[in-house]
Each structure stands twice: as structure tokens, then as C-alpha cells.
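J.: Chain residues, written in single-letter form:
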Amino acid sequence: MYTRHKILRILSNNDKIDREKPFFKKTYKGQRTIHLAKIEADGMKVLKIKKEDWAKGLEKIGESCRLLGPLKDGEFHNFKELGRGELPDFNFQNTRLSPKSIVYPQSEKMFDYTLDQNDPDHDILKEAEKNYSSQVVMGIRPCDAKAFSLVKLNFDSPEYKDIYWLKRFESTTLVGLACHNPCSSCFCTSAGTGPFHSEALDMLLVQEQDRFLAQILTEKGEALAKIAGWTIEAGSNAQEQITTMKESAEGRITSFISGENLKNKSAMEIYEEPYWEDVSFSCINCGTCTYLCPTCWCFDVQDETCGNCGIRIRNWDSCMYPLFSLHGSGHNPRGQKLQRVRQRFMHKLKYFLDKYDEGIQCVGCGRCVRYCPVNIDIRRVCELMNRSEACPVTI
Amino acid sequence: MQNPYLPYPVRISEIITETEDKNLKTFKYVFINPEDEEKFDYKAGQFAELSIAGKGEIPIGIASSPVEKGFLKFTVNKVGLVSTHLHNMKVGDVMGIRGPLGTWYPWDTMEGKNVVIIGGGFAFTTLRSSIVYMLANRDRFKEIHVIYGARTPGMLLYVDELKEWEKRDDIHMHITVDATDDPDWKYNKGFVPTITDQKAPHGNDDTYAIICGPPIMIKFTQPVLEKLNYAHDHIIMSLENRMKCGIGICGHCNIGRHFVCKDGPVFTLNQLNNMPREY
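So the protein sequences, as listed, match chains A and B.
For the first sequence, our numbering gives the first residue as 2, with consecutive numbering after it.
For the second sequence, our numbering gives the first residue as 12, with consecutive numbering after it.
Rather than coming from a laboratory, the hints here were simulated on the basis of the structure.
No experiment lies behind these values; they were computed from the predicted model shown.
One or more of the hints may lead you astray.
[Said to hold, decoys possible] Okay, derived cross-link-like pairs now, EDC-like style, lysine to aspartate or glutamate, Cα gap no bigger than 16 Å in a straight line:
#, chain 1, residue 1, chain 2, residue 2
1, A, K356, B, D274
2, B, K66, A, D113
3, B, K66, A, D211
[Unchecked claim] Reference listing, derived: stretches of chain B covered by chain A, where coverage requires no fewer than 3 residues with Cβ under 8 Å from a Cβ of chain A:
#, region
4, 89-95
5, 101-114
Each residue gets a CB set at the ideal place from its N, CA and C atoms; glycine is no exception.
The following block holds chain B by itself, in its conformation from the complex (with noise of 0.2 Å):
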């Protein structure tokens, strides 16, 4: 019997400080064992628990994406014990992973549609991981859009490849900060709501949003949606809530009947509008 508590050892193989403020870094993990990179199989949506030993474990989206091999990459936010003596730790330093978990983004429905991809601050990680993954294989999908907003310039994500996003044709970029007063800022400013209704497409049945970031982010862009005629089963959001073992046991993380870490944390509107809202 395999034990689902135990994590592969991996080893951290870079860390990059990605916003100004230095409370984001990604770090990028090689597994010590080769043979548990096949064994950890993901889609992009789903999510990990790093552990490190002495400290414990945090449930971290995978911001890496299926169609990179060799490595696996997340962007932790310092906030409690663990992601702290994370942002101490140096390349080379050895801990554990464990996952892949949770449900991912539904990527066979989304087949042949557009998507607009919607997130604000941190929660960029899994939206990168989607879009690298959709840029791969660009002819299974329509339209691609993406809105990111972080509050200023210096707090984007993954700086290097929004700028070589946007360079493509076939794929909408539209960046915005919430402030700025870089006089050389090419793109958007403003919140993500408001550039969400201005720039994303008209809702329809091929085409559907995912949705990531803080909870006014999510609050305030949903009427936006729902004015441009996105049903609530083609609006995808991706929650987060405390959770343990990260297989539906330990019980944390339940909201209603659900377990945020197995059942979801992908779940779309239609889906949430039925489910109390303990997240």
C-alpha cells in the first residue's frame, strides 16, 4: 500500500526574487529520485504540498506546467512558518514535495474554445502554468486572452515571459497595475474589473474565464462577467482554503460536502453558487 503522506525528496535547483517587494520567490525543484518525476504527473490547475522537515507543509499551486519536463516550479508568498524558512532556504537545500493534488483547470471541455484568463496578485501561478501549457498547444484552443493585475509594476509575476507574450499574435495580452507613475508603462492601469469589462470578449458557449486572485479581485470582476454574458458554468475559479493532508481526510478544508483539496480547488460559479461560502 502506498502511503499518500509520504513526499519525494526534491532539491532546490534556483530561486528567483520575483516582485520588489521580496515577499515572492519561485523556487525551481529537481527530484532527488528520477524516477518520481513520471510518478508525479499534473495538469495545470492542480496543486502540491511542499514540506519541509521540522516545519510542516503548505499547499502551494504548481506554477510550472506540464509541458516543461525536468524540473518543477512554485512562487510562494512569505506569510506563516513554513513559506518563511522557505524564503531562507538556499538552491541546493533539500526538502520535500508531495501531489500532484486537487482537480485542474477543465481543459477537454475547454477544447476548441476561447479563454480569458483573469487574475490579480499572487495568484498568477497556475494561470502561468495554464498558459504555457495553452501556448504549447496553441491549435487545440480559439481565442486566448489574459488580464493580470498586480498593484504596481514592480509586483508583476514572471516579468521575462509577459513581455514575450505579448510579442505574439496569438494570444491577447492585457496587463494592468492598479497605480504607476513610470512615465515609460506601455500597458493598461487600472483595476481588474475595469479592464475586464473593457477588454475580455462577450460571453457565449465556446467561450470561457478562469478566474484567480484575491477575494475583492473575484468579487467585483463576477458582475463584470456576468454583464458581458458568461453563464456560471463557464466561469472557472480556483479556491484555496486551510487544509492538511491535501486528500480529503483530514477534514480541514470542507466547504459543505466538499473538500477544497480534492474535489476542487477548481470548481466553476455554478458549482459555488450551491456550496456555502466557508472559503
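Okay, chain A solo, but in the shape it has when bound (with noise of 0.2 Å):
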């Protein structure tokens, strides 16, 4: 039986809950049969949400954690921090932002300090006070989702944790959100997600007419649904019919990118190729591509002081920026715009997937595709790392 306190220390995570393991394990085309089996030896669960328990249910949630959505912001949808009574937006096809902030602040607070010599603990850094309470995010995208899984790859290795990215994520509950009409340039099913792909996510809803189904994934995500009054079970036939529907959708996905021979070439080879003079020819170092992606985690660290307060912060970085890589002595070692364009492509594409073999870098949500001012395009990249044979140069 679940008591509200139960319920409560597994949305924040308390018990440490391993999100790596779902009730069922990752799925592949023609897997689908034991991926079918598992799930009712496990007794998955698939509920179905009423438009008017909809609100209620966001309602109740909203009384114990924070809750987070797509909101429309000017043009374009983006995560916010829903007020009382409000309800996400799902009439989107992705937000414009990456939700990689939910998680992971472009800006965020480290440590404090005090420059005061009469304090006895002047110029010693101090934990600053955090905010670690339960967030539950309604309708990410199930792409956006996976990217925290790769993203945790490189915050919680075996040596190190990075205690402000994990004990967040940890109390952070991802309610995804299928998607029936994907964009254009999305290419999903080819990096290793899809628009229906449950990995990463604790409860998945799939909009049906005049109600959501709700494939619950997790013991969080089990939790979620008790707080919210969540418990019609849907049909026998209702993972058929989510089936269908995710085909359905996959089938929409008409972009792709191909990196099969990726893994067994040689990084050095990769990395001396003539066509990346042509590749970054046009790139004007902006950053979109880092900002938006969702599986780009790299930051600087800086200090700001104000009289004798003052704290250490971390902001998110790029690696299109010369002052990335830039020694004291004035060397930089990817001084050039060609060697940091290379950098970005070379990190998603190969050197990642040779460090952790888990796939690419890259989720195929086509943020970068979509918002390149001077239209370089990933999946054309990754199609000339990926030739097997060398070509000439053509431009």
C-alpha cells in the first residue's frame, strides 16, 4: 500500500531508485512480442486519463512538487513552472529550447563566500542552499528524455558525481509525451530513440481524442499516478493500440542519419579528413547548435563578487567558442574555426560513442538542423564521417 509519504520519497527519489531499470528493458523493432510478454509478466500498467481527471490530477500533483510544462512563450512553446490551475500546452511539436535546463541550469549557483576578514570563515567556499524538492515534468518529448540518460553518462561516472546535476535529475520525475506528427527534420528513430520511445521516461502519455493513455514505467511513475488519482486501467487491447499508434508514427519519421560505420573507423582518420574545411566553411561560431542541444553539457565555472559577498557559478559553455580552449600563455590548441567545428562533431559522433559505446551523442530532435543559421546540417556530417571509402572533396 502507498502511503502519501511513501509517494512523496520516491517522486524525490529517496530510496535511490534506479531509473536505468524500467520495468522493461529497452525495445527494438522485432522485439515487440517479448517486449509485449515482459511488460504483463511485470504487470505493466497502462491507465487511461479523462479530460476532466486530467486537470484534477495536475491539480494534486501540483500540490506536493513542482510542476513544470510547455507553455506557449511569445512564439514558440517552452518548459515553465506551472501556476496553480494552469495546464501545459500540448499543442506543440517540440519546444523550442531544449528541457536540458530542467535538470541542468544555464546558470547556477556552486558555492558562496565572503571576502569579510572579520568573519571567521572569510575566503572559504561554503555549499550554496539548494533546492532539491520534487519536480515532475508533464509532456517532454520522448527524445528530449533520452538525452538525459546520455547526458548522465558523462555527470555520474564511476570516479567523480556531479552532486548538483544527479541529485536534481534524481528528484526530477519525466512524464513524456508521444509524438503523433513529428517535425521534418526530426530523425529519432535513427539515433537510437523514437517517437514513442519510453527509455529515460517514467510514465509516457499518448494523446488519444478526448483523453491520454498513460503507460506507467517506473515505480516514480507508478507514484505519480496514485498522487494524481490516476488508476482507470485502460483496455486489454490499449498497448496494441499504443503499438499501432507508435508505428504509425515512426512511419512518419522520413529523415535519418546513418552512423553504422562509425564504431569501426579509426578517430584519427576521421579527424584528418579534407572535408572539414568544406563542412565548416560557413559556420559562423554563433552557438545555437550547443544552446539548443540537449545532449550538450559543457560549462565554464566563474566567480562574481559584489563588496565582500560573493558566489562560484557554472554557465553553460561551447566549444564554438575560441575562448573554450585557450591557454594562459596564449596557444590555443583549436584556435581555428575548422578544428572547433570538428570538435562538436567529432565529440557527438565518435569520440562519445567510442567512450561509452551507448550510441551517438545526438538524439535526433533537430534543434541544430532546424536553427543553424547557415543551415549545417548534422546528418550530412555524420553521412560523410560515415563513407567508407575516401571521396575527393566536393563542395
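Grab the two chains, each in its own frame, and use the hints to assemble them into the complex.
T.: This is the structure in C-alpha cells:
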């Protein structure tokens, strides 16, 4: 029996629930039967949420957790904290900015310090007070959720734990929203995810005319449904319905990234290819791609002082900027634009793959393709990197 | 969960101006909380982040040696915001140290072998740590050679120790300067690659070279070592790159899939041959 206390504990993950162990393992095409059997064996639930229960449920969640969802902000949708009674606006393809800031804010305080020599602790950094209370993200796209599990490989290494990222990730419940109409520039299915991909999610919502089907994927998802009062189980054919919709959505993805040869090619060979000149030619190093990317995680650390008080903060950084790698001596190992553009693609498509063997550091959300001011396209670059034979440079 | 970004509070206990241009100072630190010293368990070749509240952090090689207890020592060149501020600090001032970070010279592999230390300019810091360590464990190593060069006699670091080491018969010192008009200069004159060519023993399975110095010195010393028959996995180097976190997370210091801060700073030439030259 779930007590309210236990539910809240699960949502804030104080019991150290392992999100990597959902009730069923990730599935691929051809494994569907095993997938369904596994769900039944685990007592996997699909709930149905009627329109009137939706708003009521959100209100209940909002009473004990911080609730975030997509809202229209000017011209575009972005994730925002939902006020009391405010409903997330699911009339969107995807948010313009990736939701990475929900777990990894663009600017984040790390430490406080005082320079007041009369204070016994002057010049000593002190942990900044943080709020890691439970937050629930409603309507994150499956690709963006998967990005968290890729980024986690960086922030949660066997040797070092980034406590800021991890604590916030652990206290976050991700409720996904399946994509029925992917963008023309989405290529998620060839980037290790998909419009209904449930890895990294706690619950997946599938929108039907006047209701949601909600697939419960983890203990956190289950706890959330309890707290929201969503208890009506969908019919026995709900899972099949979801599978049909999933296949139809996947069929609507028309854009792909091809990286099947990347793993076996030598990094140094790709690094020394002549096409980087062509790829980087039009780049203006604006950093839009790294800013929008759900899997870009680099950061800078700065101290800011006002009077005697100050904070050490970290800010998103970008490998597109020359300062990123500039030495104190003035030497810069990536001083040229070509070197920086190459670094970004090599990191995403080769270094990451070699390091973790967990696919490429890209979920196919297509943001960098859509918003690059000079139309540099990661799919085309990946194709060049993936070529099995050397080709002459083409412009 | 321990926060890997939180420095240990330390106090500056001594400041030594090392060189005639006054751009290099050695800072000696003591831990404000004595129990932190035990947690800061390091090996020669590692580095740490020196942290000054309000200025930031800089990654600096540890110049003290694990066999020296009760303090840490760092020799810092005045270059940017943090190091310039540090040069203006005084004995007794409080700051922070975060570490130890990165890999160290391969002491287990080099046990029972000949070691040739080749250093130039102010990159002699972790080499000093290594020499002190080897001399304290002298029976664990065969022949030890040190080739150390600076522009002028006044630019050599740790002069008193160099003199002491010169007197010993269990370490072969080859100190050199690029040029000097000092008639009393009784050591070598010439660039490090030249002196290496003249003084370093021939390479074999039992001999390792550790090189640390400016890029130009490394560039011209490498062919000399190859000529002397050193295999690339017996040439050990220490790199540097711009870094922030020091623990392989922030993304700044990568060379290919490796981070200088976590997978390095110590690499063999063999490893570097298969990595982009982004350092």
C-alpha cells in the first residue's frame, strides 16, 4: 500500500530508485512480442486519463511537487513552471529550447563566500543552499528525455559524481508525451530513440481524441499516477493500440542519420579527413547548436563578487568559442574555426561513441538542423564521417 | 555524496620568489583542517586546482612530494587573473585547494628501472616532486639522470636543492642554461635537446624518459630520444590544456575522447601518437 509519505519519497527518489532499471528493457523492432510479454509479466499498467481527471490530477500533483510543462511563450513553446490551475499546452511539436535546463540550469550557483576578513570563514567556499524538492515534468518529448540518460554518463562517472546534476535528476519525474506528428527534420528513430521511445521516462502519455493513455514505466511513474488519482486501467487492447500508433508515428519519420560504420572507423582517420574545411566553411561560431542541443553539457566556472559577498557559479559553455580552449600563454589548441567545428561533430558522433559504447551523443531532435543560421546539417556531416571509402572533396 | 567541486581550505605558510624575473613564486600551504591532509593523498605527477574566492581556480602541478608531510607546495607562473592575484597574496592568507587530480608518472612500471628526467623552464615542478620521491625511495630505482635547462642561471627553480643533488653520487645531474656570461658558471651551456643528446643514456627496455617542458623543447627533444633508441611507450609526457572542473566533466580540456584532467595529464608518446594534436 502506498502511503502519501512513501509516494513523496519515491518522487524525490530518496530511496535511490534506479531509473536505468525500468520495468522493462528498451525495445527494438522485431522484439515487440518479447516486450509485450515482459510488460504483462511485470504487471505493466496502461491507464486511461479522461479530460476531467487530467486537470484534477495535475492540481493534486501541483500540491506536493513543482510542476513543469510546455507553455507558449511568445511565438514558441518552452518548459515553464505551471501555476495553480494552469495546464500544459500540448499543442506543439517540440519546444524551441531543449528542456535540459530543468535538470541543468544555464547558470547555477555552486558556492557562497565572503571576503570580509572579520568573518571567521572568510575566503572559504561554502555549499550554496539548494532546493532539490520533487519536480514533475509533464509532456517532455521522448527524444529529449533520452538525452538525459546520455548526459548522465558524463555527470555520473564511476570516479566522480556531479552532485548538482544528479540530485536534481533524481528528484525529477519525467512524464513523456508521445509524438504523433514528428517534425520533418526529426531523425530520432535512427539516433537511438523514437517518437514513442520510453527509455528514461517514468510515464508515457499517448494522446487520443479526448483522453490520454498513460503507460506506467517506473515506480516513480506509478507513484505519480497514485498521487494524481489516475487509477482507471485502460482496456486489454490498450497496449496494442499504443503499438499501432507508435508504428504509424515511426513511419512518419522521413529523415535519418547514418552512422553504422562510425564505430569501426579510426577516430584519427576521420579527424584528418579533408572535408572538415568544407563542413566548417560557412560556420559563424554562433553557438546556437550547442545552446539548443539537449545533449551538450559543457560548462564554465566563474566567481562573481559584489562588495564582500560572492558566489561561484557555473554557466553553460560552448566549444564553438575560441575562449573555450585558450591557454594562459596565448596558445590555443582549437584556435581555428575548422578545429572547433570538427570538435563538435567528432565529440557527438565519434568520441562519445568510442568512450561509452552507448550510441552517438545525439537524439535526433533536429533543433540544430532547424535553427543553424547557415544550414550546417549534422545528418550530412555524419554521412561524410560514415563513408566507408575516401572520396574527393566536393563543394 | 561528496562534492568534488568543493576545495579544502588552506593557509599560505611561505612564499619564495624563485626566479630573477620574479614571475615565478613557490607557495607553501598548510591545511586549515588537519584531517584534510590525509584525504589529499597524492602521487608525484598529479596536479590540483588552486582556488581563490572571487577570482577562480587554476590547475597547477604539485611541486611538493608525497614523501614530504605537513604541507603542499606549488610553483606558479604569473600569467592570468588568478595567478596574478595569487602573486599579490601574503603569508597567512586563506584560499582553497581541490585535488589531487589527474594521473601520475607510472611509478609502478618504473620500479627497478633507469629513469631519465628531462625538464625545461618552469615545467620542472612535478619533476621536482618526482626527484624528491625517487631519492627517498632510492633502492626502488636504478640509474637516475636529470637534464634540466633554463634560459639563464637566474631562471632555474629550486637552486638550493639542485646544488644538493649535484653533490650526491646516486643521481646524475645535467643542469644547463641557454646562455650565460657568468665566468663562474660551472655547469652545462646549451639547449636541453643538445644536452640530452650528449648526456642521456641509451634507451632500452629498462629505461624510461619523463619529459616536461615548453612545446619547443619537447619538439626537438623527441627526435633525440628516438635517435637514442627510446621506444615511444618509454617516453612519458605531461600535458596541459585549459580546464575548469579538473574531473573530466566540464568538457574543456579534451583531446579526442580523452580528458587531460582525468585521463592525463600524464600520457606516453605512444598514446599521444594516436590522439589529435589539440594541446
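J.: State for each hint whether it applies.
T.: Hint-by-hint comparison with the structure:
1. A distance of roughly 12 Å separates the Cα atoms of A:K356 and B:D274; the hinted pair therefore holds under the 16 Å criterion.
2. Taken as a hint, the B:K66 and A:D113 pair is honoured in the structure, with Cα atoms around 13 Å apart against an allowance of 16 Å.
3. Between B:K66 and A:D211, the direct Cα distance comes to roughly 57 Å. Violation of the 16 Å bound is thereby established for this hinted pair.
4. Residues of the region 89-95 of chain B lying with their CB closer than 8 Å to a CB of chain A number 3, which satisfies the three-residue condition for coverage.
5. A count of 4 residues in the region 101-114 of chain B with a Cβ less than 8 Å from any Cβ of chain A is obtained; the coverage claim is therefore met, three being the minimum.
Of the numbered hints stated above, the single one contradicted by the structure is hint 3.
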